[in-house]
Structures are given as C-alpha cells and as structure tokens.
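There are 2 protein chains.
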Amino acid sequence: MTATASHAFDTDTASTRLGDHEYGLEVSDRWKSFGGHANGGYLIAACLQALRRELPQPDLLSASAHYLRPGSVGPARIRTEIARIGRRTGAGQAVLTRDDREIIRVLATFTDFSAARGRTLVRNEPPSLPAPDRCVDPMAALGATPGGATIGEQVEFRVPELPGFWRGEPGGTTTVDCWARFTDDRPADPIALALLVDAAAPVIFDLGVPGSSTIELTVHIRRRPAPGWLRCRIATNYVIDGFHEEDFEIWDSTGSLVAQSRQLALIP
Amino acid sequence: MTATASHAFDTDTASTRLGDHEYGLEVSDRWKSFGGHANGGYLIAACLQALRRELPQPDLLSASAHYLRPGSVGPARIRTEIARIGRRTGAGQAVLTRDDREIIRVLATFTDFSAARGRTLVRNEPPSLPAPDRCVDPMAALGATPGGATIGEQVEFRVPELPGFWRGEPGGTTTVDCWARFTDDRPADPIALALLVDAAAPVIFDLGVPGSSTIELTVHIRRRPAPGWLRCRIATNYVIDGFHEEDFEIWDSTGSLVAQSRQLALIP
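Top to bottom, those sequences are chains A and B.
Using our numbering, read the first sequence as starting at 48 and increasing by one per residue.
Using our numbering, read the second sequence as starting at 48 and increasing by one per residue.
Every clue listed holds true.
Partial chain A-side listing against chain B, Cβ under 8 Å, derived: (1) Leu108; (2) Ser111; (3) Ala130; (4) Thr136; (5) Gln140; (6) Arg164; (7) Gly165; (8) Arg170; (9) Asn171; (10) Tyr285; (11) Ile287; (12) Ile314.
FYI, nobody ran anything at the bench for these hints, they're computed from the structure.
Remember, predicted model here, so these are calculated numbers, not experimental data.
Glycine included, C-beta positions come from ideal geometry on N, C-alpha and C.
If we strip away everything but chain A, and leave its shape as in the complex, we get (with noise of 0.2 Å):
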C-alpha cells in the first residue's frame, strides 16, 4: 500500500501554489490536539510539503520549527524560501501565516537517504512492547476523543498499559513505550513521522498539569520507515520553572530507529 490522496495525511497537508514560493493550505478540522488547536506536528507537516516541492532531494533530513501563535482551522498562507541547494542535501525555510499573522516558522534540511552510504552503529534498544492486539487503545478505553482532539481519531496509540490520568488519576510517569500508526492505514514516510513525534499527549499530562504548549520542535530523520505499526519511545525528564524538554524516538517494523525528536513546551 502506499500513500496516496485518498489518506487524511496527504489531503489535509496538501496545499495550492499560489505564485512564486506561494502556498494557500486549509488547515484542516482533522487534526486538532487537545485543546482545539490545530496539532503542531501537522502545521510542520504541511510547511515541509509544500517546501519539499522547490528541493531536488526527496528525503525530509532534520526540521526545527518555532511556534509563535496557536493554529486555528481555516485558510492559511505558507511561504517559503530555499537557502541552499547543494548536492547532497537541499534547505530551505517555510513561514505559515494565518491572517497575516506568523503560526510557526521552520527550518529544514532534506537529502536523498538512497545515497546514504555511511557507518551504522546503534547503542540502544527499540522498545519492548507486547504486540498491538495485546495492548491497550486509550481511545477505545476513554470511548470519545477528548478536549476535541480530533487527531485521536487520524493517529492510533496502543500502551501496554493506560497512563493514570486517561482514568482522571495521574500517576506521575513521564515514560511511555508504545505503538503508534495513522488509523487508515497510510504507510509513514519521513515527512508524516515529523507529524507523528507530535502526536500523542504530552506525557507530562500524568503529571497532573493542565496542558503544554510547544516553543520548539526539531525532528531529525534517520530511515526511510518500513511499512507497519511503529514504536515510540517518550520521555520527559527535565521540568525546570514550568518549561520541559519532551523527548520522542520512532523506530520501524524492521527494528531501526526512524525518527527522533525533542520539543520544548511550557505548562500554561
């Protein structure tokens, strides 16, 4: 299977060239986080579509995006700018604007990971998770998608157990392994995984805080990921005066590492 205009990833990221580096997206209802904002992997996901248009490489390598203002559903503008198109890798920058009024700002580096001809060495695990059947799905268990986060219902988790505050009790783990792909079965590529890193909920929500806010968020691209159920790795580890730091590794049905990710959020 691959991807095609028929799945929600392409068709909602998907925007029309207006003019030189030019981009009308509609941002759609689809993928709003908790909240009710649009989910902050999706804008990105959306700017690195339409930049990857203007480079040669095909590959999504490393992107950083600044959040500036909460996304709103509706029509919105991206703008982009190629900074260098070298031979091996091509980068570039794109702003999404909403009513002329900045959302986030991304850097991104692209290559062609066909030609990648380097020295491999792993020194960490994939997460050990009971398969898929055996876990839980914190949908099903909740039986409605919460704060309006529509992206419950385009993106499917399974935890071999529910964090405590899906039940109301957080228990204050700040780690969580489990299984992540978009419920249409479309297959990940680099660009969806810069979605897919921001998927979930913040893990810190087992903290007992009432919601996140990213500054920042960089995924780097290590594969082209195999088709199937993917593993995540997320951890928080530092919360220092209200900022934290969330960590986010995907690795592939063939046991690679994929994708990985940190962002830095505020608790409101």
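Got chain A sorted already, so can you dock chain B onto it with the hints?
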C-alpha cells in the same frame, strides 16, 4: 566577575549595526574547530548576539541552526528578522552570510528567566566527576592544539580520563562526562551556553572517524547558569548510514541543568 568586552567571547561575537536588521561581523580566527573552519557554536552565538538587540526579552530560550556551508575567517554579514514579539517570549531569525553565500540560518526564541515561575521536577542527576584539578586537561596532555582548532585556547575541558583518540588509539566510547569553562574565566550566560554545547571534540572521534560536519543544532537553555566550572554530559547513541546525533547537557555549579542540545551531523 561579569562579562565584559575584554573577554574573547564578547569581543568576537560583537557585530556592528550597518542598517535596519543588518550587521557586520568579523569572523575571528580564535574559534576554529578541528579542520580549521569557524566553530558552529561560535557562529550561532554571533547570530544570537545580533538578534538579541532587537528583542525585549533578555534570555535565549531556544535556538535552532541549520548549517549550509563551512564558515571561514573574515568579514561576514548577519541579517535579522523578527517573527513575533509577545509578552512572555520573542522570536526571530538570523542569517549569516560570507560573500553573499549563506553559512548558517538560525531561528531563536528568547524569554525572561527571572519571570519563570512554574513547576520543577528533575528526573536525572548531574554528571558525577572528580574535582577539576583531579581531572586531565586534554590540551595540556596533547601539548599542542590539534588540527587548527584554536577554540581549544578559548574553552577548556577537564576529563576524568583521556579518551583514546587523543592518544591516537580510538577506544569506541561515545559518551563523555567532563568539566568546561572559558579559559579567560568569562562567566557563562544563555548565549555563551549555545557556543559551549558545540565546543568539545565530537565524541564519535573515539570511533576513529575522520571528522563530523554539523547539519543542524538545536539548543534549549533551561536556566541562567551560575558562575564556575560547568559539568557536561556528551553522548552519541545512533550512527546510522553515516549520520549521527550528539546530545550535550550542561549543568552549573549549583547542580541545575542549564542547557540541553542535540545536533545532527554527517561523517564525511
């Protein structure tokens, strides 16, 4: 002791205002990395010093840099752009060029740490190290600055044991705990931390690789650092097809995490 123009860091990262959002910088020969190019952390710091002039928030919170070309010594331009100034944070970008060719592009968000009032919960310990005077100074052990790396004269490190590659015998260790400070006793501040997270030799040199070129570096500042020696934890866990990340944590003399960075780099 406070930072002054007499410190190398301040002298060499200061730029001259040439016009609206336009600065002139002399890229100094005192911050060259292994290989002889201007150190990436030094170039980020120079960009951030320019950007800071245009934002009301005093403290760097998060900076993301994409590296486009190696930086060489000599006259450069920095072009800044403000993305948003809010109550709590301000964000903008800086592009450093030499002869109209982009060297690095940086997005950054600033805040005022003195107004940060949220929760603190730290699930990790600072690196445990013998006192600096009971550790080894790699530069002194070597008796010379290797590979044109003049940055070794500006930033000093102390390690419990000299990694094998310093003796020409790579030992395969890709994690290092060490002490760091400016050699002229200049106290660290948030922008100086953005330099320090890129000032050490890449830990993967102990794999016997010939070099490492940064593609992207993001640093989050977690608190204003207290004066004194800084504890560092450096680790690479994933070398995949020639690409590798390097994680760098800095803890201050009060035992607080003050900076956390990750870079993605390529072994040539």
